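J.: If you want the building blocks of each chain, they are given just below.
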Amino acid sequence: MDEIDFKWMPHHEGAVPPAGQGKRISTYTVALEAWRRGLNVQFYSVFDDENSLKVRYSIGNENRVHHFSLSMGDKVTQEAFDVCANKELTKQYLSKAGVPVPEGRMFNENSDEEEIINFAKTMRFPVVLKPTDGNAGKGVFANIQSIDELRGIIPYVRGVLGFKEIIVENYIPGDEFRICVIEDRLLGAMNRRPASILGDGKHSVKQLIDQINQIRKMNPHLTSRLIKKDREVITMLERKGYNMNSIPADGERVFLREKSNLSAGGDAIDVTDELTQNVKNIAINAGKAIPGLFHYGVDMIVDKENDTGVILEVNARPGIGGHLFPMEGKPRDFAKEIIDYYFPETKNDVRSWLFFDFDTVLEPIKNRSAASVQLTPPPNGNIHGKKYIISGKVQVVGYRAWIKRQALLMNLHGYAENLDDGTVLVVVAGTDKEVVEDFKSICFKGPEKAVVENVEQSDWNKPVKIGFDIIQKDYKLTPFDLQRAEKEKERIVQEKEKIEREKDRLNKKYQRVTTSKSWKYTYPLRRMIELLKK
Amino acid sequence: MKDKQTVWIPHIMEAVPVEARKNQISMYTIALEGWRRGLKLKFYNIKEDNKFHIRYSLSNGDHIHYFNGSSGDMVTQEAFEICDSKSLTNDYLLNAGVPIPLGKKFDEELSNKEIVEASKQISFPLVVKPTNGKAGRGVIANIRTELELETSVQYVREKLGYKEILVQQYVTGEEVRVYVLNGRVLGAANRRPANVLGTGKHSIKELVRLKNDFRKQIPHLHFRPIQIDREVKLMLTELGYTLDTVPEKGQIIYLRKISNVSRGGDPIDITEQLTQKQKQTAIDATNAIPGLIHCGVDMILDENRGEAVVLELNTRPGIGSHLFPLEGKARDIPKEIIDFYFPETKQRDTSDSNIYFDFGSIQNGLKGSSTSEVEVIPCSPRRLFAKMYKITGNVEGKEYYMWLRTHALKSRISGSIRKLEEGLFELVIAGETKEAVDEFQDIWQNKRRFHISVKQERVWNHPVKLGFEWQDGYNSMSIRELEILLKEKEQETKQSLKEKQQTKHRINKMRESHSWKITYPLRYFTDGFRKIKKIR
Chain W
1 MDEIDFKWMP HHEGAVPPAG QGKRISTYTV ALEAWRRGLN VQFYSVFDDE
51 NSLKVRYSIG NENRVHHFSL SMGDKVTQEA FDVCANKELT KQYLSKAGVP
101 VPEGRMFNEN SDEEEIINFA KTMRFPVVLK PTDGNAGKGV FANIQSIDEL
151 RGIIPYVRGV LGFKEIIVEN YIPGDEFRIC VIEDRLLGAM NRRPASILGD
201 GKHSVKQLID QINQIRKMNP HLTSRLIKKD REVITMLERK GYNMNSIPAD
251 GERVFLREKS NLSAGGDAID VTDELTQNVK NIAINAGKAI PGLFHYGVDM
301 IVDKENDTGV ILEVNARPGI GGHLFPMEGK PRDFAKEIID YYFPETKNDV
351 RSWLFFDFDT VLEPIKNRSA ASVQLTPPPN GNIHGKKYII SGKVQVVGYR
401 AWIKRQALLM NLHGYAENLD DGTVLVVVAG TDKEVVEDFK SICFKGPEKA
451 VVENVEQSDW NKPVKIGFDI IQKDYKLTPF DLQRAEKEKE RIVQEKEKIE
501 REKDRLNKKY QRVTTSKSWK YTYPLRRMIE LLKK
Chain X
1 MKDKQTVWIP HIMEAVPVEA RKNQISMYTI ALEGWRRGLK LKFYNIKEDN
51 KFHIRYSLSN GDHIHYFNGS SGDMVTQEAF EICDSKSLTN DYLLNAGVPI
101 PLGKKFDEEL SNKEIVEASK QISFPLVVKP TNGKAGRGVI ANIRTELELE
151 TSVQYVREKL GYKEILVQQY VTGEEVRVYV LNGRVLGAAN RRPANVLGTG
201 KHSIKELVRL KNDFRKQIPH LHFRPIQIDR EVKLMLTELG YTLDTVPEKG
251 QIIYLRKISN VSRGGDPIDI TEQLTQKQKQ TAIDATNAIP GLIHCGVDMI
301 LDENRGEAVV LELNTRPGIG SHLFPLEGKA RDIPKEIIDF YFPETKQRDT
351 SDSNIYFDFG SIQNGLKGSS TSEVEVIPCS PRRLFAKMYK ITGNVEGKEY
401 YMWLRTHALK SRISGSIRKL EEGLFELVIA GETKEAVDEF QDIWQNKRRF
451 HISVKQERVW NHPVKLGFEW QDGYNSMSIR ELEILLKEKE QETKQSLKEK
501 QQTKHRINKM RESHSWKITY PLRYFTDGFR KIKKIR
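So the sequence lines, in the order shown, correspond to chains W and X. Following my numbering, the numbering of the first sequence begins with 1 at its first residue and continues without gaps. Following my numbering, the numbering of the second sequence begins with 1 at its first residue and continues without gaps.
Keep in mind the hints are simulated off the structure, nothing from the lab. Heads up, a few of these hints could be off.
Unchecked claim - Output of the computed footprint for chain X on chain W, the stretches with three or more beta carbons under 8 Å from beta carbons of chain X:
| # | region |
| --- | --- |
| 1 | 45-59 |
| 2 | 415-422 |
| 3 | 495-502 |
To be verified - Restraint ranges, calculated between C-beta atoms of paired labels, are given here:
| # | chain 1 | residue 1 | chain 2 | residue 2 | range |
| --- | --- | --- | --- | --- | --- |
| 4 | W | ALA97 | X | GLN445 | 51 to 61 Å |
| 5 | X | ASN95 | W | VAL396 | 49 to 59 Å |
| 6 | X | GLN445 | W | VAL493 | 48 to 58 Å |
| 7 | W | GLN511 | X | ALA141 | 53 to 63 Å |
| 8 | X | GLY291 | W | ASP82 | 50 to 60 Å |
| 9 | W | LYS23 | X | ASP229 | 45 to 55 Å |
| 10 | W | ARG56 | X | GLY423 | 40 to 50 Å |
Note that the coordinates shown come from a computational prediction; the quantities given were computed from them, not determined experimentally. Ideal Cβ placement from N, Cα and C applies to all residues, glycine included.
Bound-form chain W, shown alone:
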């Protein structure tokens, strides 16, 4: 498991810096796509009612500028956004347009519990209870089997969670798909599967979880969303008669949780090819039902048997990370689709193989120093890359700093890194193929103190970060490292003082002895002995 192949799109390999991973993946990948086409990209901050920071961005060329929020651009109207933010309103629009939705009713804060229960009594169970304006599945209770169960849940959702407006509707079994659409075109669909492992008849549950987590770490969308071996997982295993050391049979899928949230270790799986024309039409009609909604995602329960489905929710700015980086199935580049849609004239432009450092770009916005940050455009043209491994006396001689100066002088991008075996790894990339190839002789030369023995070269086809970095291993010093250094200093000072004290004590003793009368009186004796020695 040491080397895991990057199984997503090659232009994303290693091209998602930490700040773009996880929740900012839509923002980053869409901005990256635009930036790579030479469009101007600017990030800026807005603050919501609670004064929480939201990062927004704009993309533009000489003629026009579009503003974006996550995967949503300004072609989607405020009205459409507001409709989607309210589940009841969405349902009304969909029903009116004849798009299938689950049957049920909304209750506002004026309705008491009895009213809701009385309505539920008229429904077929199981039912679902959800808030009208909840986010990301918060407060959603699916598969409620009885009135009694419902009675227990209502006060919790309305009281503890504080959602006053709720919906009670039919629970529809089936697979829940997330489908993305731009106008008349269905881009793709994914399905979320609860955290699970696939047995191979050899490895234990624990080992398999570790393996899956290794792959998840490689996935920019899931880097920090690993499968935790917590109580819930252990209970679930026990229920099936397993423990961490059991070895599941080859081909056996063992589920570790009930819920399918990606943050709980769930997997996104591309299921685009499973959609029938009927199901696709429902998804497309859902968008048409809401004025001003030109691109969006829908959550849909698909009933395969009857070749139909119901829409649970419409998202004006769906996360696209699961589509870009699915754990199974084909990755779909929705970032490209979105930019194609907003800037169709750039559809066939050469896309740079570089990426930008989202971390340093966002930092001044995040610490609230900057209102906006504009990106440096990438150089025009195709990028060529080479990887050089330099051996000899090349570490601790200022080799990397020297290489960096040369690279910047020649407008090359890339990085230099000390490897554990004493060699230095240099990756350079630029638009001029010759310069990139000639850099080998620069590597050979090195700074004065270096003695280069050999330079090994190979092609580099992965994306490269704009600019030139010296990779420091764990060398990002923070005030806390300084604290540690300060402690170390104190320790040394204390040690020194201790030694000084002891020294003083010994010195005094020495003084006392040499000035003592007996020492003085015995001087002739010592002198004699010394003479005798000679």
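Based on the hints, put chain X in the right spot on chain W.
T.: Using the frame of chain W, we list chain X on its own:
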């Protein structure tokens, strides 16, 4: 240092973040003044000569001005070009009747010999300098003989490669930098070589350390300590001192001959000492160059006659010496510059302002290659209300800080936390109103898991940096500096260890000696007697 009163500008003094203290004082202080007046501030990343440089702009929505260091776009391109060439500058100054040292310009066709011959007509001592050298590079002063002149000309032309040179009369006297804006002298500063003032108690070594501690608090001198190097030691030897000498109270000891601030020299404001005539010379010099609306004039003062000769004009003078002199009055040049560029904001008095912006993250972004432009978040129009609390509790380390930072930013609170001593921390909380600050106390204090209790609280009058940061003694210290300090301590420890072992060795040797063994009974008795004496 305390004898002559220094007048600081408090709203600038403590409002320059460490990251801006290295060669960026002019940019930061001017940008800060504009920002505090409500102007829109942007920083840019510009690649020039294969290096990245930071430039900035200020805008009031109506018009925008671009700046580079202390220079703004009201200085014309023509003025820049003239000032870049020393000989062109001299031509203009001469034409306008501004006194300059007598001299001649020699272009590249001439041989060294011809230059030496022609130069002899100017009276010695002489100065040789390249026409387009930067920051004193290639300037050879006080040339007294023909032979010296010959080698100097050869050195500058052949070794340094400056073919076009000036040979001028060497004028002695005090050199001064005068800042002129729009026909007014705003400040004049000169420099005194690195020095310490005796207390009658401290050794020179200790005095240097004390002075460096003091320099560290002054933005402009933060990264310019007095370094005890060979030159300093040599100078002390010449004076008959060592590092351990304790100078008398009030005695000034000069540690170097050259006065550069970067070598530990003191900037001194002497604006009030200039004569009317000298001031007029600086103004005339600036006016002599078309399109030079502000600049720094280098002149040599003739004290006896109250006159001056002009050496050079700087289009982008550093204003740090005027802002942070070690003696005399600080001159608020950023205020004058912004008044000039944005006169409509003149009434906006910023002397009451206690906010400044973080430069570290902005600079960090611009230094990388990804960011081309950063717009600074607008300045709050009101003075912040700030309080300081001394607290104890479980707050050391990342956990409390990260937690607090998130809440502070969310509540529009700025401030910092810093360790004062073991178990005692200083928390600064600043917000737009007193209510906001008091309200926030419920958040930072009520967290049960950190066991916080307040030992002391008072209103905080120092400027506050926007955002929330962990500060400590070494925050203002570069990692390099800390490493040096660590090494120094390690060295001292090693030295002590060595000395200790030597002593131990000596004692052991003594103990092992025969006489020691032989005289044991004697010692036994004397010790016995001593004890008896004590008992009596």
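J.: Are the hints correct? Go through all of them and say.
T.: Hints and how they fare:
| no. | hint | verdict |
| --- | --- | --- |
| 1 | 45-59 | holds (count 5) |
| 2 | 415-422 | violated (count 0) |
| 3 | 495-502 | holds (count 5) |
| 4 | W/ALA97 <-> X/GLN445: 51 to 61 Å | holds (54 Å) |
| 5 | X/ASN95 <-> W/VAL396: 49 to 59 Å | holds (58 Å) |
| 6 | X/GLN445 <-> W/VAL493: 48 to 58 Å | violated (34 Å) |
| 7 | W/GLN511 <-> X/ALA141: 53 to 63 Å | holds (56 Å) |
| 8 | X/GLY291 <-> W/ASP82: 50 to 60 Å | holds (56 Å) |
| 9 | W/LYS23 <-> X/ASP229: 45 to 55 Å | holds (53 Å) |
| 10 | W/ARG56 <-> X/GLY423: 40 to 50 Å | holds (43 Å) |
In summary, the structure is inconsistent with hints 2, 6 from the numbered list given earlier, while agreeing with the others.
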